[in-house]
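The residues making up each chain are set out below.
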Amino acid sequence: MAYKYFPHTEADLKDMLRAAGVDSLEALYDDVPDQLKMHRDYNLPSAMSEIEVRRFFEELGKRNQPLTCFAGAGAYDHYTPAVISCITSRSEFLTSYTPYQAEISQGTLQYIFEYQTMMADMTGMEISNASMYDSATATAEAIMMAVAAAKKRRKVLVSATVNPAVLRVVRTYAHFHKIELVMIAEKDGITDLDELRTLLGAGDVAGVVLPQPNYYGIVEDFTGVADACHAAKALMIMNCPASTLAVLRTPGEWGADIAVGDGQSLGIPLSFGGPYIGYMCTSKALIRKMPGRIVGGTTDADGRRAFVLTMQAREQHIRREKATSNICSNQSLMCLFVTIYMALMGEKGLREVNELSSDGAHYLHDELLKTGKFTEFSSKPFLNEFTLRTSLNIDALEKHLAQNDILGGVKAESHDDCIIFAVTEKRSKAEIDKLVSLIKEG
Amino acid sequence: MNNRYYGRLIFELSKSGRTSYSLPANEFKSNSLDKLPSALVRKSKTILPEVDELTVVRHYTNMSNNNFGVDTGFYPLGSCTMKYNPKINDEISALPQFTALHPLQPAYTVQGALEVYYNVQQSLAEIAGMSEFTLNPYAGAHGELTGLMTIKTYHERRGDTKRTKIIVPNSAHGTNPASAAVCGFEIVEVKSTADGTVDVADLKPLLNDEIAGMMMTNPNTLGIFEKEIPEIAALVHACGGLMYYDGANLNPMLGVCRPGDMGFDVMHINLHKTFSTPHGGGGPGSGPVGVRKGLEQYLPVPHVKKDADGHFFVDFGNNALGSISQFFGNFAVVLRAYAYLLTLGKENIKMVGPLSVLNANYVKEQLKSHYLLPIQGLCKHEFVFDGLLDKSTGVTTLDVAKRLLDYGFHAPTIYFPLLFHEAMMIEPTENESKDTLDEFIATLKTVAEEAISDPDMVKSAPHSTPVRRLDDVKAVKEPHFTFKDYLQ
Amino acid sequence: MAKVIEGLYYTESHEFVKVEGEFGYVGITDYAQSQLGNVVYVDMPEVDDEVTAGEEFGAVESVKAASDLISPVSGTVVEVNEALEDAPEKINEDAFANWIMKVKLSDKSELSKLMDAKAYEEICK
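Chains as they are written, first to last, in the numbering used here: chain A, 254 to 695; chain B, 775 to 1262; chain C, -4 to 120.
Incorrect hints may appear among the rest.
Below, simulated DSBU-like cross-link-like pairs (lysine-lysine); rule was C-alpha separation at most 35 Å, straight line [unchecked claim]:
no., chain 1, residue 1, chain 2, residue 2
1, B, Lys1080, A, Lys652
2, B, Lys1142, A, Lys257
3, A, Lys440, B, Lys1233
4, C, Lys97, A, Lys542
5, C, Lys59, B, Lys1233
6, A, Lys664, A, Lys682
7, B, Lys1080, A, Lys290
8, B, Lys1079, A, Lys257
9, B, Lys936, B, Lys819
10, A, Lys575, B, Lys939
11, A, Lys404, B, Lys1258
12, C, Lys59, B, Lys1165
13, A, Lys267, A, Lys290
14, B, Lys1165, C, Lys113
15, A, Lys679, B, Lys803
16, C, Lys85, A, Lys405
17, C, Lys13, A, Lys575
18, A, Lys404, B, Lys803
19, A, Lys537, B, Lys819
20, B, Lys939, A, Lys290
21, A, Lys404, C, Lys103
22, B, Lys1120, A, Lys431
23, C, Lys59, B, Lys1219
24, A, Lys601, B, Lys803
25, B, Lys1251, C, Lys13
26, B, Lys965, C, Lys113
27, B, Lys789, B, Lys1165
28, B, Lys978, A, Lys290
29, B, Lys817, A, Lys664
30, A, Lys408, B, Lys936
31, B, Lys1001, B, Lys1120
32, A, Lys315, B, Lys1080
33, A, Lys486, B, Lys965
34, A, Lys257, C, Lys108
35, B, Lys1165, A, Lys679
Simulated from the structure, these hints should not be mistaken for lab results.
Model the full structure from these sequences, guided by the hints.
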């Protein structure tokens, strides 16, 4: 029965069974009632050699068609520096678990501390946790946190310009956690701030969720919003794709209380939706309501600076049903991923990434309008993503572009005559021109 | 890993004027950023470092040398199933034909990826004895929450809204009650008997028409198989509740016994435990949720299905529960688990359970002469000692755990479950050889002897790790949550 | 051996209440602080909050544990011990002197359901 993942020789088996006080492997299950046992083989394929496994996945991969990506809507095709996978695949990082034994986990603890520093700084907030799952669940956790902080108020306002994929998850959590969600209407592609003020006036709101840039790519102006929220004792929650934080006014600068979003835009491959990394940052005052792990600095017995999981008494393994959240495993390795990305790119690199993406997006925007097949959805400012109305059949256009290996944006969920396009630094002028010419002829 | 303390932070390596990126020249040069209204633009500088590429590579490489993983050495962390993470899985998950896919691509351009999902859904259903799986949950706790949402949705859709309570054994991991609370349930605790299993006599009076379900893991957190499971399931079903299986301890059941056959209705599996995907320092994991026949419509969307022509498609149609993830969960983790399933095949998957159970019993029997074994008899994949047999030395479970680090082993899970004061939970997986286990056994015996001969040395362990014991009171009382806290 | 003070009322969950006229000072006992270890945070109610006997009114946290505070009495919170915000370790120094909240009692008859020092001493053994 020799097999590459099982080191037991026949002699080992014999010795070990004897030491364990049984005479066969079956006898190890004598305490399991016989009627519960399966008594048959699994109906699964037979074992494959490594050559066969490789061949199998190569064949399967051929049934996928990677496309030149002009889509965003929560997942962006940014460039991944080669250094990152070389470090993240180091097995000291990859095959470790949650750093419970700090003395042999300083590597993990240190990168999480760097991550917390960078994310808190990117969002302009005081602290960050050690990651959440994705943007949508991070936003759902944020509304639960707002409700926990508010004690008796259970109403949360959500802008209709939030990404619908995020909203779906927030709705689910709100339903089960008995939080009342009220939508703030969309007006000309942005949050209707007059309606927000009216809704806040009732005085029963625990939190307000606002996107930046919003689902349509529009950079909204939230001047005065933080004051309005705080006057109503509501927490202002902002959802932002991480990369844009380097150039746009930060949640901290807007006066937000909680910043959440996806770190995917910090160079994480699209990978058909995951793993990405949800982030959550807030103020020190709210730390005991913040879900997830936190790493803190301290000293060891010799007085050296070292890092450790801290503030654990908030967490599920200690607080049980009183914890703010049930999160346990997070997306730790992706913390390392985006930390290396931010270290490599630095402030200048991130600015350049945003510049290239934004310039490319504006070029595509203008070229598409010139085709005469698109009209403006909004005249408001945007960065790397924008929405246009079209007279074209969007499904036919999608097929036509896919035949030419292009993913030409995504259809807006709430406006079925609109397409949302995104451009990153990976898109060359030639690729954009090809997209435009295919649309012209199509 | 090595034992040389590294300890620097990337911010301390920064020097103005250095850089470690290169990007193409800007072909557009429209200065669109500068045209954004000033009110919308970031004003503050960032803390991000200025470093060259080699500095970055060395920094994180040195950091990794202060870290211990399964590839470094034996990692008997109970309840975490720290099995070997086969390297072929990583290679497969990095194939560009998969990593380059946008989650919103049309289904006809991602048939391969959808097939991965579909086949893993089917394989897990076969292994678990369930009807259907969703792979959307990102982690075990997320799976638990999703499973509980499924149970609640089932009751709600039947118009049975008074079922607001979930029964949880007092031996359960804290995540169980926390997930139930997030899902809006009240928690009812059921006691354990002296042998650590659910006390059926204590359970019976708790059952009524307010019970939505009961969460269990089998074997339980003590590694003991819950023999009364058919009766427990029958009792809970009779009161109208559903049985939830926490898959944290599924590993020893592989090849022998399926949760579906035990009477469970809803369950999750931790792919990062049972199906060998790397733990990554605490994630990303994956927590697929399965349901028995008749409950499929209560799983979250999106859900991957196959049509009559053999084409795969993404179904958003059923909206009973809604969504619990922005896209499809941790796809690259699922891909690794699929490679693992195919590599082992039906011939080897069935050996995982028995060999993991053999390893656990082997270690348990040889160490009970030195450590207090509160529950005798066969265990499954893991077991719990209640500290050293000789309590006179004052050496605690924490001290033993720290001393193990000096000898190049990771510590077991300690102070869990809460049923024993000095709990030390050991889980050797099926991948560990007799040689490794013998070394571990000898070392734990040595530590027990050191506890008598030199207790102070054990109490001040570890001595040879990159850093020594940390002051975790100071971490809370003089908090440093970011590097900025060091600059003030 | 944990300290127990005569004249106070005690709960099985290790809170005490010291009654002065219409008011009760509520805190955790010396035994409770010794079991918790270094107290690092006290989650206190707010002034004007209503508390109910047998229900939670806050929590005390040590590094690796958190314990809910169960109110021994019903009434309105008139004061909280703000010194504990910056120096929660005072509870370890003297748990009885460092009460957590002062409550205007709404039903003094509830006190008869609590333990006296002698009965409490028994359960700490």
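For each hint, the structure was consulted:
no. : hint                   : in the structure
1   : B/Lys1080 to A/Lys652  : holds (21 Å)
2   : B/Lys1142 to A/Lys257  : holds (31 Å)
3   : A/Lys440 to B/Lys1233  : violated (65 Å)
4   : C/Lys97 to A/Lys542    : holds (25 Å)
5   : C/Lys59 to B/Lys1233   : holds (19 Å)
6   : A/Lys664 to A/Lys682   : holds (23 Å)
7   : B/Lys1080 to A/Lys290  : holds (31 Å)
8   : B/Lys1079 to A/Lys257  : holds (34 Å)
9   : B/Lys936 to B/Lys819   : violated (54 Å)
10  : A/Lys575 to B/Lys939   : holds (15 Å)
11  : A/Lys404 to B/Lys1258  : holds (31 Å)
12  : C/Lys59 to B/Lys1165   : holds (23 Å)
13  : A/Lys267 to A/Lys290   : holds (24 Å)
14  : B/Lys1165 to C/Lys113  : holds (31 Å)
15  : A/Lys679 to B/Lys803   : holds (15 Å)
16  : C/Lys85 to A/Lys405    : holds (30 Å)
17  : C/Lys13 to A/Lys575    : holds (28 Å)
18  : A/Lys404 to B/Lys803   : violated (51 Å)
19  : A/Lys537 to B/Lys819   : holds (21 Å)
20  : B/Lys939 to A/Lys290   : holds (31 Å)
21  : A/Lys404 to C/Lys103   : holds (28 Å)
22  : B/Lys1120 to A/Lys431  : violated (44 Å)
23  : C/Lys59 to B/Lys1219   : holds (28 Å)
24  : A/Lys601 to B/Lys803   : holds (16 Å)
25  : B/Lys1251 to C/Lys13   : holds (29 Å)
26  : B/Lys965 to C/Lys113   : holds (30 Å)
27  : B/Lys789 to B/Lys1165  : violated (55 Å)
28  : B/Lys978 to A/Lys290   : holds (26 Å)
29  : B/Lys817 to A/Lys664   : holds (34 Å)
30  : A/Lys408 to B/Lys936   : holds (23 Å)
31  : B/Lys1001 to B/Lys1120 : holds (26 Å)
32  : A/Lys315 to B/Lys1080  : holds (18 Å)
33  : A/Lys486 to B/Lys965   : violated (42 Å)
34  : A/Lys257 to C/Lys108   : violated (67 Å)
35  : B/Lys1165 to A/Lys679  : violated (64 Å)
Violated hints for the displayed structure, listed by number in ascending order: 3, 9, 18, 22, 27, 33, 34, 35.
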